[in-house]
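Go ahead and model the full structure; you've got the sequences and the hints to work with.
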Amino acid sequence: MNKPLRILIAKPGLDGHDRGAKVIVRALRDAGFEVIYTGIRQTPEMIAAAAMQEDVDAVGLSLLSGAHLTLFPAICKQLKKKGIKDVLVFGGGIIPDEDVAALKKAGVDRVFGPGTSLQLIVDYLKETLS
Amino acid sequence: MTERSARASAKTHRWAELVDGVRRGDHGAASRALSVIVNEGKDCDALAREFFKCSGSAQKIGVSGPPGAGKSTLTGRLIGQYRSQRLTVGVLAVDPSSSISGGAFLGDRLRIMEHATDPGVFIRSLASRGMVGGLTYAIFGAIHVLEALGCGKILIETVGTGQDEVDIASVADSVLYVTTPSMGDEIQAMKAGAMEIGDIFVVNKADLAGKDKALADLKAALGLGRGAGQEGQAWEPPVMAACAKSGEGAAELAGALESHWTYLKSSGEGRARLKTQHAAELQFWIQRRVLKTARDRVTDTALEEMVSHKIDPASLGRRILKTS
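Sequences listed follow chains A and B, in order. Sequential numbering of the first sequence, starting at 1, is according to this note's numbering. Sequential numbering of the second sequence, starting at 131, is according to this note's numbering.
For the record, the hints were derived by calculation from the structure and aren't laboratory data. It is possible that part of the hints are untrue.
Distance condition first, Cα-Cα at most 20 Å in a straight line; then the derived SDA-like pairs of lysine to any residue [unchecked claim]: (1) K126/A to S228/B; (2) K81/A to A246/B; (3) K85/A to K126/A.
Negatives, chain B to chain A, calculated, CB over 10 Å [stated by the list, open to error]: (4) D173; (5) Y267; (6) M313; (7) L354; (8) G398; (9) S438.
Pair ranges (Cβ atoms, derived) [unchecked claim]: (10) E127/A to E366/B: 50 to 60 Å; (11) L129/A to Q363/B: 48 to 58 Å; (12) T429/B to K3/A: 23 to 33 Å.
Even for Gly, the Cβ is constructed at its ideal location relative to N, Cα and C.
Here it is in structure tokens:
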């Protein structure tokens, strides 16, 4: 039996809209992942500490407030500071296309916008993490 | 040195570093060690041996009770109490794996995120991974890692339990059974199972109506007599009220847990429980090993033989286990 992959889904910053994050949590659980959800209003430090203690394979960030250019890079920086270099970071939410390049440069591997099929995200994680 | 022995020695070296890191209190090392242990990799026994040497001094507190009773939130409150006493705390929170997808939603951590960045607190979520009974097979190995990390108090939160999940009693030193008002009358509390294993009973959500009746019902049921196997004990399980949301009752609860710990250490019951725990750990190991070995020996040819009635399940089972 292969060990289940572990994913942390996190909601940084001041954004209480977590239906999208919960849909992802549910889809990943049903696809055989072990999913940890931080809940809303987390700081980059809290998310990095959770990723470290849970030894996750990937961290998924959900943000709809518009603060992604500040928070996503801050989280990547905190992860590196904690010595977590091999974790995959991906994101989703309301993120304009023109911001994606900057996020990728900061260490976010991929950004999924509204309407992305859940199967696409599941396949992406399985392929990238295998 | 041959290439093979060089590889082996590099590995031993890496492990010694990992074990040293955990003993120094490095959370990153503890996290990596926990992954090796819970994933039951082929060399996990050798690593577990090192952590076992550090076991036996922390108080292991089991937090059990039905789903939604407030176990995680109450765990968060207890962390706060222990941190105010400058004790280091480890938390292992178990949630169920899906028997269909194998996946899991580990949702206990989000109730205790306020302690996320505290260097004196280490929290790990574990999936039950096929074990029935509220825990996971790797639970003992995980506990020993946290003991080696130097945690003085280790809180083990079970899967929300039904009536007969009592495994936590052979894992923890002190079992906290969390219930709520309106969980039923004293007849419910008289049934065998989970109610028999509590060292401390908590009626959580004490701000809801029915708290006093719930406390009275629990006390009435416990007052009818001691549980089987508990006759000789001097410890009377207290029944307490708490409101995890507001924090009310958390200090009293921490106090009761401390009294129980003192009782365990001074009465010989603590040593007896440690022995029970080691027996359970051994049993888990044997179960896992025997089952896995046996399952690996089941071939498709053998299954075909059963379909065509050339052999029956019991005879095939004996052949697999090589017993007569």
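Verification of the supplied hints:
1. K126/A to S228/B: holds (18 Å)
2. K81/A to A246/B: holds (16 Å)
3. K85/A to K126/A: holds (19 Å)
4. D173: About 14 Å separates D173/B from the closest Cβ of chain A, which puts it past 10 Å; holds.
5. Y267: Y267/B is indeed farther than 10 Å from all Cβ atoms of chain A, at 12 Å.
6. M313: holds (26 Å)
7. L354: holds (42 Å)
8. G398: Consistent with the label, G398/B stays out of reach of chain A, its closest Cβ about 36 Å off (over 10 Å).
9. S438: holds (28 Å)
10. E127/A to E366/B: 50 to 60 Å: holds (58 Å)
11. L129/A to Q363/B: 48 to 58 Å: Cβ of L129/A to Cβ of Q363/B: about 50 Å, so the range 48 to 58 Å holds.
12. T429/B to K3/A: 23 to 33 Å: At 24 Å between Cβs, range holds.
The structure is consistent with each of the numbered hints, conforming to all of them.
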